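Novice: Sequence:
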Amino acid sequence: MAGIHRFYRESATLSPFGQVEEAIARYTSAHPSQKLFRMGIGELSQPICPAAVNAMKQAAIELSKAETFRGYQPECGAGFLRRAIASHYQARSIPLSSNEVFVTSGATEGLSGLSDLFAADCRVQIVEPTYPAYALLNRLQGREIFRMACLPDGRLPLPDRSCRADLIFLCSPNNPTGAAADHTTLKAWVDYANEQEAVILFDAAYEAFVTDPTLPRSILEIEGARSCAIEIGSLSKTASFTGVRLGYVLIPHQLKRDGIALADRFREHCAIRTNGVSYIVQRGGEAVFTPDGQAQIRRALDIYRRNASLWKQTLSSLSLPYGGGTHLPFLFFRCPNGMSGWELFDRLLSEKQVVGMPGEVFGPFGKGCFRLSALSSPADTAEAAQRFFEAINKL
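Here the sequence shown is numbered in my numbering, starting from 41 and rising by one per residue.
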């Protein structure tokens, strides 16, 4: 008999995001005429930038002609995109060669592939609340997970040097708390990882939202990181690529474990697991890293920042302390009156048709908290903020 993987036998419930979508589906089935104001999973309102759209159109035209047709793409990414990403980092004084760049169909695919590289007996350290895929991917591998709590203000804590960790998952700016780690904090984690011979998997999906020039946007800015850290990037939120999927993994050549260069092994992994990312999508990604593309996505990010300012004003007017909204397009706060995140989710959905994210989705340390997104349209954000204010004000 074909047995089922233990993870899927023992996981009777949907993924955290799946539970949210199921609750929304139940509501819309019962109330099909109601418009929902979706401030939850990170639905984007701004379209893909013109530079990327034009590049993808041109790529599609190339594929329509025999003389310019292209088939399978290199498993680690097309050279033109790998060079564009490396140049983007080099412009920020971060040494990076194109063969240290691996193109993926989004950050989650990159994280999943990286998880496959390491032994099942690796001990995993995750700072929560954070993106739930980190824990799920390691549960799938059967690994022991050690969870650390963010500081009360949502910031990344310093490492616990009494704890042994082999794989360390960090996200900065952190989703959902919004805190961006400073150089001192990241240096402490880099030193800790090098001492432990651990590997940091650093999720930089929201680095483009960082507005403070004194804060690092990449862990590769930190001295010593090239011997212990892998960075995962994404164009989902920064360039509206949620519907076309594109991300990347950065693995420095100096990073070795058991005498093995991880970049070489990840290259082999890509050859086994993928036939490459779409040529059309990669041309769009290349255009994002041009001067025109960067200027265009900055205009979209400014819209989200204005939405975040409105949410900050709303939460402040309700005397709800919050994190995020500055270096992250999400705001995170403790629910009023001791409510759980799911209780607030149900109340906002049923009474005001506003959809947010229960903090419980982001791990045990998110219990009793809630996340709101600033990625919707300005009009929907304004309406949702008003409805949210009305719902909370009457509690």
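A hint or two may mislead.
Result set (DSS-like, lysine-lysine): computed pairs, CA atoms no more than 25 Å apart in a straight line [to be verified]: (1) LYS296 <-> LYS392; (2) LYS407 <-> LYS352; (3) LYS296 <-> LYS352; (4) LYS227 <-> LYS352; (5) LYS75 <-> LYS434; (6) LYS352 <-> LYS75; (7) LYS434 <-> LYS392; (8) LYS392 <-> LYS75; (9) LYS97 <-> LYS75.
Just so you know, the hints here were simulated from the structure itself, not pulled from any lab data.
Keep in mind it's a predicted model, so treat the numbers as computed, not measured.
Novice: State for each hint whether it applies.
Specialist: Status of each hint after checking the structure:
| no. | hint | result |
| --- | --- | --- |
| 1 | LYS296 <-> LYS392 | 52 Å, violated |
| 2 | LYS407 <-> LYS352 | 21 Å, holds |
| 3 | LYS296 <-> LYS352 | 44 Å, violated |
| 4 | LYS227 <-> LYS352 | 30 Å, violated |
| 5 | LYS75 <-> LYS434 | 22 Å, holds |
| 6 | LYS352 <-> LYS75 | 24 Å, holds |
| 7 | LYS434 <-> LYS392 | 12 Å, holds |
| 8 | LYS392 <-> LYS75 | 10 Å, holds |
| 9 | LYS97 <-> LYS75 | 33 Å, violated |
When each numbered hint is compared with the structure, violations occur for hints 1, 3, 4, 9.
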